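S.K.: Sequence:
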Amino acid sequence: MSDSILTQVILPLVLALIMFGMGLSLTKQDFLELGKEPKPVAIGLFGQLLILPLLAYGIAIFFNLSEHLAVGIMILAACPGGTSSNILSQLARANLALSVSLTAVTTLICVVTTPLIIRFAIEEFNDTPVESFSLLSTTLGLIFITLIPVLVGILIRHNFANFAIRSEVFFRRLSTGFLIFMIAAITYQERTTFLTSFALLSEAVISLNLLAIGSGLLLGLIFKLVKRDTVTLGIEVGVQNSAMAMLISITFLDRPDYAIAAGIYGLAMYLGAGLLIFGARRFPTKSIAKSV
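Under this note's numbering, think of the first position of the sequence shown as 98, with each following residue one higher.
Simulated from the structure, these hints should not be mistaken for laboratory data.
Hints may contain errors.
Claimed, not checked - Straight line, CA to CA, 30 Å or less: simulated DSBU-like cross-link-like pairs of lysine-lysine:
| # | residue 1 | residue 2 |
| --- | --- | --- |
| 1 | 133 | 321 |
| 2 | 125 | 136 |
| 3 | 125 | 321 |
| 4 | 136 | 321 |
Stated by the list, open to error - Derived DEER-like restraints, expressed as beta-carbon distance ranges:
| # | residue 1 | residue 2 | range |
| --- | --- | --- | --- |
| 5 | 319 | 205 | 47 to 55 Å |
| 6 | 260 | 295 | 41 to 49 Å |
| 7 | 367 | 236 | 26 to 34 Å |
Remember, it's a predicted structure, so these values are computed and weren't measured experimentally.
Ideal Cβ placement from N, Cα and C applies to all residues, glycine included.
Whole structure, please, built from the sequences with the hints as guidance.
M.R.: Rendered as structure tokens:
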């Protein structure tokens, strides 16, 4: 099997299936939540679409990351969390409805915001023009592998609910397996670069993850949200779709070295999320409620 078939056909197809599975998990009620609780949704979007890219940019500058690592960490910040954030919100006993709603909205918006952030990152950190990057083709690619599969999944969930519910477990496992495969493949293919930059990049991505989670929590406290909404924002801002970031780097940009940052973050993000889940379950609701 040639690399071109793998990167241009199979990997995008698998991600499209994962996004289709995400659509199967969404219901009409998830979108009605947007109208019922617009405040936490708006705050979450602000954290994901503005604060997180700014944090990633600051981290790239502070750690003086090389071009491929800096662009890679910006690509990661441009990819909103997928089903992983929903599962983690459930484990944390956070607001699962808010988590799902944010996932749905950011998935729709990212077809516009992600290419713009990537173009900014490449122009900012790359001294030489990158002819392989096209704003239009990247946007169209995201529409076909994210937006359309999600919309099809939503349509099937609406009309064939029993099938959709039975299929959710399979797609969750596919998502986890795909992320593990992508991380392993990138680690092997870029092993030389990975080994030379692992220490510095590990510090950078762990810092980004903790700052992102902290920013989500801080937004919740500043705007006086209840505990479960505050915890949800911490998870949603801190957990990114690493698989999508790696796919964009490999397939759309033909730069596997950009995917290294997303690969390491795909592991590191569970460290911060795990600490948040432990804290959320360890301390009662009233401890946060008093502070807000």
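S.K.: The structure should be examined with respect to each hint, and the outcome stated for every one.
M.R.: A quick look at each hint next to the structure:
1. Proposed proximity of residue 133 and residue 321 is supported: the alpha carbons are some 17 Å apart, at most 30 Å.
2. A distance of roughly 19 Å separates the Cα atoms of residue 125 and residue 136; the hinted pair therefore holds under the 30 Å criterion.
3. This hinted pair checks out: residue 125 and residue 321 have alpha carbons roughly 27 Å apart, not beyond 30 Å.
4. As the CA atoms of residue 136 and residue 321 are separated by approximately 10 Å, the hinted pair is consistent with the 30 Å bound.
5. Take residue 319 and residue 205: their Cβ atoms lie about 26 Å apart, and the range 47 to 55 Å is violated.
6. Restraint check, residue 260 to residue 295: a C-beta distance of roughly 43 Å satisfies the suggested window 41 to 49 Å.
7. Roughly 30 Å separates the CB atoms of residue 367 and residue 236, a value that falls within the hinted 26 to 34 Å.
Violated hints amount to a single one, hint 5; each of the other numbered hints is respected by the structure.
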